[in-house]
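Let's have the full structure, built from the sequences with the hints guiding it.
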Amino acid sequence: MSPAKSRRKNLNAVRIVAAWAVGVAMFFPIFWMLLTSFKTELDAFSMPPRFAFRPTLENYEQILARANYMHYAWNSVATAGGATILGMLVAVPAAYAFAFHPTKRTRGTLLWMLSTKMLPGVGVLVPIYLIARDTNLLDSRTALVVIFALTNLPIMVWMIYTYFRDVPMDIVEAARMDGASTWEALRHVLLPVSRGGLASTALLCLILSWNESFWSLNLTTSNAAPLTALVASFSSPEGLFWAKLSAVSTLACAPILVLGWLSQKQLVRGLTFGAVK
Amino acid sequence: MLVSAVAHADATLTIGTVNNADMVRMQELSGDYEKSHPGVHLNWVVLEENTLRQRLTTDIATHGGQFDVMTIGAYEAPLWGAQQWLYPLDNLPADYDVGDLFPNVREQLTVDGHLYAVPFYAEASITFYRKDLFAARGLTMPEQPTWQQIREFAVKLHDPTHGVYGVCLRGKAGWGENMALLGTIVNSYGGRWFDPQWRPQIDTPPWHQAVNFYIDLLSHYGPPGPSDNGFNENLALFAGGRCAMWVDASVAGGTLVNPKDSKVATKVAFARAPQQITDRGSAWLWVWSLAIPASSRQTQAARDFILWATSRPYLKRVGERYGIASTPPGTRLSTYEAADYMNAAPFAKVTFDSLRAVDPAHPTLLPVPYKGIQIVSVPEFQAVATLVGRQIAGALTGRGQVDHVLQTCQSAVERTMKRAGYYDKPAPAEKTERP
Amino acid sequence: MSARKSKTHPERLLAQPAILMLFAWMIVPLLMTVYFSTQYFNLLYPKKSSFVGFENFVYFFTYPSFWTSVVNTILLVGSVLAITVVCGVLISVLVDQHFPGQGIVRMLLISPFFVMPTVAALAWKNLLMNPVSGFFAWVAQLFGLTPVNWFADWPLLSVIFVVAWEWLPFAILIFVTALQSMDREQKEAAQMDGARTWDVFWHLTVPHLRRPIAVVVMVEAIFLLNVFAEIFVTTNGGPGDATTNVPFVVYTQALLEFDVGAASAGGLVAVVLANIVAVFLIRLIGKTLTER
Chain X
4 MSPAKSRRKN LNAVRIVAAW AVGVAMFFPI FWMLLTSFKT ELDAFSMPPR
54 FAFRPTLENY EQILARANYM HYAWNSVATA GGATILGMLV AVPAAYAFAF
104 HPTKRTRGTL LWMLSTKMLP GVGVLVPIYL IARDTNLLDS RTALVVIFAL
154 TNLPIMVWMI YTYFRDVPMD IVEAARMDGA STWEALRHVL LPVSRGGLAS
204 TALLCLILSW NESFWSLNLT TSNAAPLTAL VASFSSPEGL FWAKLSAVST
254 LACAPILVLG WLSQKQLVRG LTFGAVK
Chain U
17 MLVSAVAHAD ATLTIGTVNN ADMVRMQELS GDYEKSHPGV HLNWVVLEEN
67 TLRQRLTTDI ATHGGQFDVM TIGAYEAPLW GAQQWLYPLD NLPADYDVGD
117 LFPNVREQLT VDGHLYAVPF YAEASITFYR KDLFAARGLT MPEQPTWQQI
167 REFAVKLHDP THGVYGVCLR GKAGWGENMA LLGTIVNSYG GRWFDPQWRP
217 QIDTPPWHQA VNFYIDLLSH YGPPGPSDNG FNENLALFAG GRCAMWVDAS
267 VAGGTLVNPK DSKVATKVAF ARAPQQITDR GSAWLWVWSL AIPASSRQTQ
317 AARDFILWAT SRPYLKRVGE RYGIASTPPG TRLSTYEAAD YMNAAPFAKV
367 TFDSLRAVDP AHPTLLPVPY KGIQIVSVPE FQAVATLVGR QIAGALTGRG
417 QVDHVLQTCQ SAVERTMKRA GYYDKPAPAE KTERP
Chain G
42 MSARKSKTHP ERLLAQPAIL MLFAWMIVPL LMTVYFSTQY FNLLYPKKSS
92 FVGFENFVYF FTYPSFWTSV VNTILLVGSV LAITVVCGVL ISVLVDQHFP
142 GQGIVRMLLI SPFFVMPTVA ALAWKNLLMN PVSGFFAWVA QLFGLTPVNW
192 FADWPLLSVI FVVAWEWLPF AILIFVTALQ SMDREQKEAA QMDGARTWDV
242 FWHLTVPHLR RPIAVVVMVE AIFLLNVFAE IFVTTNGGPG DATTNVPFVV
292 YTQALLEFDV GAASAGGLVA VVLANIVAVF LIRLIGKTLT ER
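Protein chains in written order, with this note's numbering: chain X, 4 to 280; chain U, 17 to 451; chain G, 42 to 333.
Bear in mind the hints are in silico, worked out from the structure with no lab data behind them.
Here a beta-carbon is modelled for each residue, glycine too, at the ideal position from N, C-alpha and C.
Where hints are given, some of them may not hold.
Cut-off 25 Å, straight-line C-alpha distance, at most; resulting in silico cross-link-like pairs (DSS-like, lysine-lysine) [to be verified]:
no., chain 1, residue 1, chain 2, residue 2
1, X, K12, G, K228
2, U, K434, G, K89
3, G, K88, U, K387
Covered by chain U, per the in silico footprint, the following chain G stretches (three or more residues, Cβ under 8 Å) [what the hints assert, rightly or not]:
no., region
4, 82-95
5, 99-106
6, 110-123
7, 247-256
Anything over 12 Å on all C-beta distances counts as not near chain G; from chain U, calculated [stated by the list, open to error]:
no., residue
8, R69
9, P158
10, T315
11, R328
12, H378
In structure tokens:
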């Protein structure tokens, strides 16, 4: 084995160890929270931190007894999912237009889109609340779907735009040359090729909507309250709460974490440009 | 059960409440209420205190009508009552026994003779201490210590190498966190927030003495990172056996004597909150109460509910189901006349004495234009006190000298009060009616 | 290039729904905010409303910690951007090649993004960084060191840590996806020619990532300018004003004083500040975004 090659092999081993170390380190706080969710409150803050303890399900039991988890979970799924679908339906065509038919004003428009996110939510709470009150949309899932879609739309347009820009013009042109209409070119060539980027954009919107806790708390009471409200109800009461908070956070993240894990392959499936070229 | 047996139309009540243990119990017992009131359905919105307050204030001020019952504190109740945003609770039924309510608690919730909220539970600040540690050093805690005495005890009991800190006090910034405690310390040193002309009094000797004392005590004889610690963090520390003394809300007593939640369940003892040159305003008063926003569309059903949740039968029910020590404290005199409660809850006597002594109408040595001991029932108070709280937390961690910090706070508070029109001449009519 | 003829107007209309929706979403609150910013309107004194012109802005600018909050905002945004971009690139390169458990490690790296910001902040403050009972304190004591008082002595740094931990997965996700489209053959050819790992990295990988880096910077900057929840649950803006940023000042006005007028003025100031930051960033990376 040549020195360069054996050096590369050692480097590889180091890389693997380093990759695992970084992964574990990033995940550790979540792991610690998960562990805490199975402790009693007394164990949760004991010093030294306990690695060995008698696990208990009492936190989960209390949470499920106190609140209708499925109701909140369904609201989260409906609002986050609805917002993602709505957002993608609007963002993909927009990104296509910007990417393949740009004008002088494209960059300005893109930047303007991003600037709609600059107003802090807390500064417009009262105006939005008044509008929601007058349109009878307080405590409704519709309001949340619309607001989540609108707050995430600029990000989605941007990200899809950049993925589209990475697609070589030749592919789309080649398909058009073969007589395909724009719609067919989009569907059969462009979308499959940028699938990874679209999936990660959709996942991003899903997560951002799932975790959004300003509008979801301020515009809902009970009907449309998503999991963020459930978490908020266990956060910082008077008394000991870290074990229960860990448990409720696990319950709140679980659906989306599972979804993320399942779709992981989709996210990082290769864009096979090497092969195309 | 005190319920008018008139057949009610179907009503759905949306109840906004804090996520404290007593309210969670109310939520759990509300199943009983729904059973005995067919047609009434209760929707619960349970949130952490600060979030709840913002949510409720936004709704009530914009007349959103999203809530039928609101859980509000001693701070908002008189404010909102004065604005007539709350439905007045007059002509209460005889069997509700409104005379059984603690008079000063009730006073805090009354504006112009109208009761605007019914108390759900109330607390005063008391001193918690470790009788085992005291006994080991041959120390005795008087019934009502002074802050100087607390300091002397802390010096003797501070033992960080063995993981015990002399005294744990609130240091986290917030008008309801460190400023609640500091308010009482300032009062004890003879200080006040505002003079009768609403000029802030922060840059005065009592404040300087009180704040210097507090910072010296907590930074030298307290746990590490004191500016992180609010009520919950200190509760965890004390329950974990880390503090020799702690001055905070009497409701902590329930957790501290419960062996499931506390390592020092058998070692904790109670005394009155410390005073110094005066005991006026030396213990704070906080009440969580239930009120009905005027924008609600179900005022009758809501009224029935809140009267139920604060009635003697309800208190009895909680005792039966969760143990008598879990009875919501501080609202009814009859609770404290029951021998079994007094025996089951070791903190009850001190709480009772403290609650009878607190006087929100005369919170300070010198005259003041406001009611409230650790709070000033004006809308500007939250922002003003949070700002001061942050600055003092900063001084606690060494960011600024106390004297300079207090001067900064003085001018900041003046600025806010000026903008709100307190110094306009003649004094606006609304202001003189401030509760 | 016969692509020139693709100036077909109908396809430009595809962008209209997005533009119109965003316009409506932005313009109504914006106009209301502009209107309120000229009014004295306190939610608790609704009858006292009156026109006050620029007084709200003056009041906002003279808030005692205003300039500190601007500095804190810039520090927070800049630090988190630097950490997430640099570490994000390095980490995504690290996990780019196949190795046993690559999928799992990638999932571990992305998982912090799934946690609610308030919960993440509480977990960091109480479970990890607490100087008495936190995990870091325990580790420190194992080595005989005094535990660090994170939020008391290094509040802004602690907040930066927490926020960077939350946003690093986003950067990693974008970069990992982007690296998938990198030309492997070119890389292998370079390696076979004897190029060192560093050269491959600096001259091939990083240029390929220029656009994703630009996207990450722009997107994160927008979110980071509005960081609020993490600060609120950990330090409440303190100690002193060490962690007060501009959204926090707006929050103080809006939800502590219920001063809608000053909050609106503050919101507009925040927008101006954000625009300045955006202009600055555009100059830095703008070309990368729209070129091919």
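- Test coverage of the region 99-106 of chain G by chain U using CB-CB distances below 8 Å; three residues minimum. Our answer is that it holds, as 3 residues pass the Cβ test (under 8 Å) against chain U, meeting three.
- Message: Is the coverage entry for the region 82-95 of chain G by chain U consistent with the three-residue Cβ rule at 8 Å?
- Response: Coverage by chain U holds for the region 82-95 of chain G (6 residues, Cβ < 8 Å).
- For the pair supplied as a hint, G/K88 and U/K387, is the alpha-carbon distance within the 25 Å limit? holds (23 Å)
- Item | Coverage assertion for the region 247-256 of chain G with respect to chain U, Cβ distance below 8 Å, three residues required | It is violated, with 0 qualifying residues against the three required.
- Are there three or more residues in the region 110-123 of chain G whose C-beta lies closer than 8 Å to some C-beta of chain U? Three-residue rule not met by the region 110-123 of chain G, so violated; n is 0.
- Query: Keeping to a limit of 25 Å between CA atoms, is the pair of X/K12 and G/K228 held or broken?
  - Reply: Given that 25 Å is the threshold and the Cα spacing comes to 17 Å, the pair holds.
- Query: For U/H378, which was marked as not at the interface, is the minimum beta-carbon distance to chain G over 12 Å?
  - Reply: Label holds. Min Cβ-Cβ 25 Å, cutoff 12 Å.
- When you look at the beta carbon of U/R69, is every beta carbon of chain G farther off than 12 Å? violated (9 Å)
- Item | Interface exclusion of U/P158 relative to chain G, criterion Cβ beyond 12 Å | holds (29 Å)
- With d taken as the least Cβ-Cβ distance between U/R328 and chain G, does d exceed 12 Å? About 35 Å separates U/R328 from the closest Cβ of chain G, which puts it past 12 Å; holds.
- Is it the case that U/T315 keeps its Cβ farther than 12 Å from each residue Cβ in chain G? holds (21 Å)
- Message: For a C-alpha distance cap of 25 Å, please report whether U/K434 and G/K89 respect it.
- Response: Since the Cα atoms of U/K434 and G/K89 sit roughly 15 Å apart, the hinted pair holds (cutoff 25 Å).
Going through the hint list in order, the structure does not satisfy hints 6, 7 and 8.
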